[in-house]
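Quick note, the sequences are listed as chains A, B, C and D, same order.
Residue 1 is where the first sequence starts when you use UniProt numbering, and the numbers rise one by one after that.
Residue 1 is where the second sequence starts when you use UniProt numbering, and the numbers rise one by one after that.
Residue 1 is where the third sequence starts when you use UniProt numbering, and the numbers rise one by one after that.
Residue 1 is where the fourth sequence starts when you use UniProt numbering, and the numbers rise one by one after that.
Rather than coming from a laboratory, the hints here were simulated on the basis of the structure.
Incorrect hints may appear among the rest.
[To be verified] Computed list of lysine to aspartate or glutamate pairs in EDC-like fashion (alpha-carbon distance at most 16 Å, straight line):
1) B/K225 <-> B/D111
2) A/K297 <-> D/D2
3) A/K297 <-> D/D4
4) D/K373 <-> A/E82
5) D/K108 <-> D/E60
6) D/K374 <-> A/E216
Listed here are the chains, written in short residue letters.
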Amino acid sequence: MDFNDSPAEAAYREKARAWLVEAAAAHRAEHGEPKANTPEHMAAAKAWQARKAAAGYACITWPAAVGGGGGTPIESVIFGQEEGKAGVAYGYFTIGLGMCVPTVMAFADTDTKKRFVSPAVKGEEIWCQLFSEPAGGSDVAALRTRAVKDGDDWVINGQKVWTTGAHYSDFGILLTRTDPDVPKHKGLTMFWIDMRDPAVECRPIHQMSGGREFNEVYFSDLRVKDSQRLGEVGQGWQVALVTLMNERLAVGGAAGPNYREVMELARALPGEDGPALSNDAFREKLADWFVASQGLKFTRFRTMTALSRGQTPGPESSIGKIISANQLQDLANTAVEMQGEYGILTGPEAVAGAAFQQSLMWAPGLRIAGGTDEILKNIIAERVLGLPGDVRVDKDVAFKDMPTGR
Amino acid sequence: MDFNDSPAEAAYREKARAWLVEAAAAHRAEHGEPKANTPEHMAAAKAWQARKAAAGYACITWPAAVGGGGGTPIESVIFGQEEGKAGVAYGYFTIGLGMCVPTVMAFADTDTKKRFVSPAVKGEEIWCQLFSEPAGGSDVAALRTRAVKDGDDWVINGQKVWTTGAHYSDFGILLTRTDPDVPKHKGLTMFWIDMRDPAVECRPIHQMSGGREFNEVYFSDLRVKDSQRLGEVGQGWQVALVTLMNERLAVGGAAGPNYREVMELARALPGEDGPALSNDAFREKLADWFVASQGLKFTRFRTMTALSRGQTPGPESSIGKIISANQLQDLANTAVEMQGEYGILTGPEAVAGAAFQQSLMWAPGLRIAGGTDEILKNIIAERVLGLPGDVRVDKDVAFKDMPTGR
Amino acid sequence: MDFDYSDDQKFLKDEARKFLGGRCPPAVVRGVLDDPARSYDAPLWAAVAEQGWLGAAIPEAHGGLGLGRVELCAIAEELGRAVAPIPFASTVYILAEAVMAHGTEAQKAAILPRVAAGELIGALALSEGPGVLTPSALSARVEGGKLSGVKIPVTDGDIAHVAIVLANEGGRPGLFLVDLTGPGVKRETLESLDPTRGVARLSFDGAAAERLGAAGEGVDLVQAILDRAAVLLAFEQLGGADRCLEMAKEYALGRYAFGRVIGGYQAIKHKLADMYVKNEVARSNAYYGAWALNASTLQENGAPELPTAAAAARIAASEAFWFAAKESVQVHGGMGFTWEVDCHLYYRRSRQLSLVAGSPRLWKERLVSELEKKNAA
Amino acid sequence: MDFDYSDDQKFLKDEARKFLGGRCPPAVVRGVLDDPARSYDAPLWAAVAEQGWLGAAIPEAHGGLGLGRVELCAIAEELGRAVAPIPFASTVYILAEAVMAHGTEAQKAAILPRVAAGELIGALALSEGPGVLTPSALSARVEGGKLSGVKIPVTDGDIAHVAIVLANEGGRPGLFLVDLTGPGVKRETLESLDPTRGVARLSFDGAAAERLGAAGEGVDLVQAILDRAAVLLAFEQLGGADRCLEMAKEYALGRYAFGRVIGGYQAIKHKLADMYVKNEVARSNAYYGAWALNASTLQENGAPELPTAAAAARIAASEAFWFAAKESVQVHGGMGFTWEVDCHLYYRRSRQLSLVAGSPRLWKERLVSELEKKNAA
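Pulled out of the complex, with its shape left as it was, chain A reads as follows (with noise of 0.2 Å):
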């Protein structure tokens, strides 16, 4: 029970922070700290990524002959942890390289593969995954965007929406239904798509926290051919599971203040009698976020043992989104309630640079993205516990005969 590296894991780690030494340094003398969501943001994010590749950092997982590291879980889970340290961590590529390409790896012919995941792992490429419906949310394959074969090609028509990075994304896999006159989950096909095609418009969504971070993507008579079809015809569910797979390694902790700064805010903000922090109310919620916060932290050091043992990690990584997620509304709000009337102000003035009330009005997103908290606990009682799913009245009705309410 400690947190040393085995001594192969420590001869990883030096040899990866000594060339992230070297390397970042280079790459800041190239790029400088260009502000994020600018041009040359995602230029130093692309350079960044080529000089890992080149350097058998990028995808450490993956063959060397397809451009990746030849390494090890535990490898990656390092290098990761000592290229945060030092501070050149760009998010472009995590849903490209975590979801989408392994895809393409896994259903695509051989050209297809030559074609696109070389690029995509010196960062020249981008990718982005278009699954989420306005008409599926927590039911994503009740998805209604149709694709209807017309001769060699197929035409599609729809929607997708809450797309990470359709912006900016060079291409994108994208689920259909290509039969809506079979059950739900059997009239489903994959294909990846050019995101630069003219029938493919993305529109920003405004979300309630104020920012526009995530897409709709509208496609109208998008037409791609039959070879861009990643799986059978029918097929796509079983495809979208292989890509949802990968989604857990790829979903990130809750960003945000954590108990940490909340508790340098009340002890330098007035409470009823000395500063906030002196508070037993507060101080046992401080606590507790403590507690769940080192929870979380310890059980991604268990998952690291796993890997660093060669095993699979076990499921008790899945518990991260519900805690973390709900903990920072909770910790936000306190934040703000203890700065009293004051709390509301967002401007220039605001504590803290307002980070307590954009995490506040951040948290409730953070509860829906990737799985809502019901979602995630159904799947921690069905995929963990081993308790059965809910009754499913619709495994054996054509999509288009489905109650939907419209």
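Add chains B, C and D to chain A, keeping to what the hints say.
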């Protein structure tokens, strides 16, 4: 928006109070204050009920012709309040007069009603309700006690559970299965039975709280006449619904310590820094308990207002047990933990006569009895908010073919 | 026992709902939300004035309707339900109520008719920075009838004509009426979590200040003012919480997942049942608060029940609205997180209403202190 | 990264589970529960001694197995799972650990071999009444090596041979080893919420008392002893919580309502998922506590991480066990409320384990105090 009686209500209250002062004094002179669960206590209860019946204060809302008071629901509530203040309320008749005898009145023939209603009103005979079974629980209609026709009789075998007052009851209403070949709700039939029949055996249930307040009741070839049937053969569920409709009015709030008692405790106990009452975390809990208790109290007032206005009370009264049972568990646990290691003690040296420890062991039962937390939330969701019931897989299956795990 | 709105009050409430349904649909709220230059909806404010609501509880002698406080509660409930973007709370619950309770006859005559007529918007200027304002930290001060200092934030401070300001005079805290349209007042509009309500920084430099209530009694006066406002705010919160439950229920009945409406899944059903339970607890406590508030205006020395009743009403309503607002977003799923769906209007307002007039935590402390006093007596 | 039991530790844990499955089934627990004359199961105690568990962490030189603390944690987890009715915590987590950490060589030689051999039962005598024992309220005192005063309650005080007693000497609190079999000691067995563990009142009148640790350092010594015990108790709590989840899951998979197993209803599924989440948070915190405890025995000045790690482990485990115990009853419905179903064994033990060694609330305060210190440093 006030708490005052209407003039008519005030007059009724005045009359009732005057009667109660004299009657309670006379009652106490005759019976003293016998200990609970003694034959003397039962005798006193019966005498008091008879006295009330003679004066028109028993079953106030029932017609005078059957021995009732011929009054209104609000008068019944007013009398109950004043009776409570007079300190002479007994609980033995609640289930019989609240649930069983109304069922008899609704479904029995004239002779049977004549035979039973008036003695019950006068407290001469006590009734119990025999619905719950080990196999039933929340799914009451899944009961297995069999009644088989034999000439003009029915022969009954099976077991009931959690029967309040079975051991001191004279009669009971018994829900049985008469046809296992039809779906669950369609094969039930209701009877009234003589609890003194030797084929009926009561065994007390040893509860986790240590007490034995409830019973199992076993039937071994109990013979009842067809004339003891209440309602048609196979219509037992419809009859039971009439009984259960009256349940809400018969089930009271959670007994046990409330915010006031735990506040007194916290005032007396040392905390880290002054009395435990000075701890802010405890104070927040105390505020929450007070607010919830007040919420329930004033919700009852709203129910009474509806009665007073001659309306049917709304569904708001269904929130009571969900709040009070959970609050009792939390409050008792907080009070016990506040005592530190000493909180483990339950003997003569225990704090407050071990009242908090007893509540801690009782509360789990309260969260289950008369509808679990989960069933009550279903009821609110379905009957109050109009949300759909759960998917039912047992509606069209013969009872004998229903999966049961045995 | 008559613990509910009367038939007349119900009629008033129904009329208010109809009126706001027509004059204050979400589009009107969004008009203020989306335009940084607007802090309230002036046409709605004028229409509300015309309805007589601003003077509902103001005596007829001062130009009001002379109704009771329960009638005002009924209006508040509907305003909360509609997330009305108007300075009703600052003007009616606080300024008018404070002047009625603590003002001189001259002050009443000067202010109440103008409030009733919709000519005067009020504000309460207490806060000087983040956290609890303890008396020793109070820095605004009045000397020779002139106020100096900075108040931040002041709800509706950017549009108010008159503010009640807490400031030291002769080393002791007092309350002062300040004409914000006069000299020596600078205002800056600030960004806030709930852009449908205005917030400002007020800087005073020798502004004319007239004492409200007894000298040196500022702390007690603030508490007395907040006790009254808390009851009325609780009704606004309750109205909002009810609307959140309704929206969530409607969505849950219309949205399908896995071939069934999501309102048929226990996770959603029990969440909505939890909302219902909290809302009913809030309603019952709010009713008691309404009774106590009304009683306090009818009795010479106020109602001794008011502090406890107001605290309980505020605590229950804050809890109910926060729970309903955040879980209503959750029930709406991804749609709930968009700007276009109305959930966030309530989510924002629930925060705004919990932050003005003292956070729930402070009210819990006040409640327990009151219980201690009672219990000791 | 190697943050889990090692293979050897897993083997030890598996063996312990098998052993307790055979020697400590619920019938053995109920044997103590149902017989007011018994405070523990002596045959199980002897068998556990024979396994070497009592001396698992005691150095071989003192008759123990000389294993690490993580091994002891593995045993504790299994004892908790089995709700073992033996004075393991008082004797091993407290007496033996305290003597190893703070005893003189002579005390170690006198006590540790007898603990390892199963000849000595320990107890910790702090409490003198309900509520927090503040140093100023401490009334037990030692004069000239003789102890006077009353300690109530003392867990396992009715069967222990040696107690560690907190008492004033020269006006300052110290810790003392007291032979409970000697003169000047009166014990009375008391009734408790968890009859599977013994509790007593100990009255001392001139009992021989030998100082443990530095004079006048009683308060710090108690905290150091509780830090170690908290980690080990957390593993007992975790074992109990895991078993509650298992029982609830098994019941939910076998019990039918409305034609379906109740484990298929979301209300039950999500309740069990909540239990799982709490148990995993508790497990991860307990592992860190085990690491810190073990590290503290390997380093000259202990491990600076221990106070925080112990507090977090204790808080998470107390919360997990309480939640699992009470909601396991709920999942079992009416059956769960009966004496015959085992739910209440865990419900009772969850209370017993939260009440010994300081309530969760006190540990939260200790945790935050430690965080403040760290943060300030």
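Comparing the hints with the structure gives:
1. B/K225 <-> B/D111: holds (14 Å)
2. A/K297 <-> D/D2: Holds: A/K297 and D/D2 sit about 14 Å apart, inside 16 Å.
3. A/K297 <-> D/D4: At roughly 14 Å apart (the allowed maximum being 16 Å), D/D4 and A/K297 satisfy the hint.
4. D/K373 <-> A/E82: Violated: D/K373 and A/E82 sit about 29 Å apart, past 16 Å.
5. D/K108 <-> D/E60: At roughly 12 Å apart (the allowed maximum being 16 Å), D/E60 and D/K108 satisfy the hint.
6. D/K374 <-> A/E216: violated (47 Å)
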